[in-house]
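J.: Sequence order for the protein chains is D and S. Note that this note's numbering has the first sequence beginning at 1, numbered continuously upward. Note that this note's numbering has the second sequence beginning at 1, numbered continuously upward.
30 Å max Cα-Cα, derived DSS-like pairs, lysine-lysine: (1) S:Lys310 / S:Lys205; (2) D:Lys82 / D:Lys163; (3) S:Lys310 / D:Lys84; (4) S:Lys184 / D:Lys163; (5) D:Lys115 / D:Lys82; (6) S:Lys544 / S:Lys503; (7) D:Lys94 / D:Lys148; (8) S:Lys184 / D:Lys84; (9) S:Lys310 / D:Lys82.
By construction, these hints were calculated from the structure, which means they are not laboratory data. Model, not experiment: these values are computed from the prediction.
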Amino acid sequence: MTTTITTLSVLVQNSPGVLARIAGLFARRGFNIESLSVGPTEREDQSRMTIVALTPDEATLEQITKQLNKLVEVIKIIEMEKGKAVRRELILVKIHAEADTRAQVLGLVDTFRGKVVDVAADSLIVEVTGKYGKVHAFLDMIAPYGIKELVQSGSVALARGSKTITDKSKFDRTPRDKS
Amino acid sequence: MSTAMTGAQALVKALEAVGVEVAFGIPGGCILPLYDPLFDSPIRHILVRHEQGAAHAAEGYAMATGRVGVCMATSGPGATNLVTGLGDAYMDSVPIVAITGQVNSWAIGTDAFQEADIRGITFPITKHNFLIKSPDDIARAIVEAFHIASTGRPGPVLVDVAKDALTGTTTWEWPLAIDLPGYKPTVTPHFRQVREAAQMIAAAKKPVLYVGGGIVKARAAEALATVMETAPMPLVTTLMGRGVFPDSHPLNYGMPGMHGTVAAVGALQKADLIVAVGVRFDDRVTGHLASFAPNAKVIHCDIDPAEIGKNRAADLPIVGDAKLMLADLAHHLGDLELPGWGEWVAYLDSLQERYPTWAGDPDDDMLQPQEVIRKIGEIAGPDTIFVTGVGQHQMWSAHFLPHEKPYQWLTSGGAGTMGYCVPATMGAKVGAPDKVVWGIDGDGCFQMTNQELTTCALNGIPVKIAIINNQVLGMVRQWQTLFYGARYSNTELHTDRYPDFVKLAEAMGCVAMRATTLEEAEAVIAKAMTINDRPVVVEFIVHKDAMVWPMVPAGTSNDDIKYARDMAPQWEEESL
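Extracted from the complex, chain D is given alone in its bound form (with noise of 0.2 Å):
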């Protein structure tokens, strides 16, 4: 079965418990998430997620906009169409670096422009961001020197051009369907 990976932008009340609501009916639906980050928006009553969900058919996708749509604290559900959407997520990775290869991994670091943030003596953190590609690309690079620690961040995501979220748009799986 090959599957889907799909970027949903989710606008839900800033109220507590959404978090896992949210986290909760995919659990229980089965559906699949391949990363989630969620964090306040431009306005102090709203939160907003990036779900990136693996989906094997369309009809799944349709099942999880429509039941998250369902859920009375979620305003808007909108896809992230692929090319249409900037995409970023980060990285923090503690990489073994002794005298001797040190010059190596910075000089990776510096081709990915990623960012060293903190120093030992035989160990860099370096911050990197960028789409999920080039992020894996760099974690593969510097794969042989040793990853001593690594921590990502989910995907966050914003579509292009002027439209908002809040904006119509014929991407939307609006809560105008929504039970």
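Based on the hints, put chain S in the right spot on chain D.
T.: Here is chain S on its own, set in the frame of chain D:
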């Protein structure tokens, strides 16, 4: 106008303002502040004996009245005892509001005495829920809870209120505008979609209307009747939809599904167009999904868009209220020239005639459960509200009661909750005191929640309960007989020894009778009909090996239905 009052007073006032007349519940530590002003309220609070009873009673009330049912419980175990009823209401889309006490807001999360995270526990089984920590938020939560429970696809809503929110002071303001930016159910079906549905029906050779609980929730039986007058086509009603169209109508082929009639199962399997309204293609209806109705196009109307395409892809989706949709559909059908569907109807008639629903073993000397249930229906009549538990007696009730009128059939369908019957019967009788309300229960189910008969006896709620006593967990035993080599692991209840149901019922303040023959059965049913000053329990002793037929074994194709043990129908579809 604004007045200062406690959160508890505001809660009671808000309940009164949204029109609550009855609540079922049990007080306890954290909800005590609410029960004090409730004591002076015109709201009738019925003190039940177990919180599960309160939740099912609220469901029974809601189903019988079409209004929101209310149940209350204290924190911790009081609240967790509501869970089964909430889950049941969620599965069957019953509008109820549960109000639970919670520990003081500053103690939440400390594993305080009688603390349970009931909001977290009920996330997956409520339409929505609230945790209220400030008295200022109480009235709004109540208004929103009732709005959410009763609109769109109905369902249970829980409002958990911290004790200090009940005791704290707030200012009463009314009315409150509802502000739910993420909740806007689509009620009006799309004009063009409905018109297209009418055209698809007109073009179909073998159409079937597949209707269910959504017709009940939308109070859409009249609109359905109009469609059937305009375009008389074969129709099947799901377990939840029994009664929305009269069983006596020649085009009603009864209930489809695992224990459906051969004709109803055949109508769906052989159809070229299924017009599904207020149904959800549940696995108990479809059987093995991939082989369900293989040649049918599907028009699916539901107020919950998530139901459309969830199990079976829809060729024409229609989101909206069933009543509005059916009214529009009748209108559009009226503009079209419709074929007669005579050959299709004749085929289904022939199935119905050749494979009537198994009504008992003619060679068995014992009282037949099917016969008992048919008798209750005959004697009580079609104006009666019937409530059931879950299992064999439920299936027989679905087949053999007089399902002639809508909104009088209460059963636990989606969840299949044994123990639903007695408290739901109580709730229905409270909601419809002028109606005769019969609960038909099994001996297993009855033992789960019968304590509410004490509540009925003490509160002047004269329900009638029939116990179809086969001494076993009958449906489970039937599966053991058919699929587990007759190894009866833990299904013998020994109710021939204990309890003595007559004594038990009498001890709870009921009139109680027992019947072992058909003559006795008729006599006790007739006697029960004359008693209206207290609850009545009648026990019918039947054979433990009576089985429900027809049956589609779980997970198999509906084509493999058996109308009796090892007896498969001849579909003869080639002739069509």
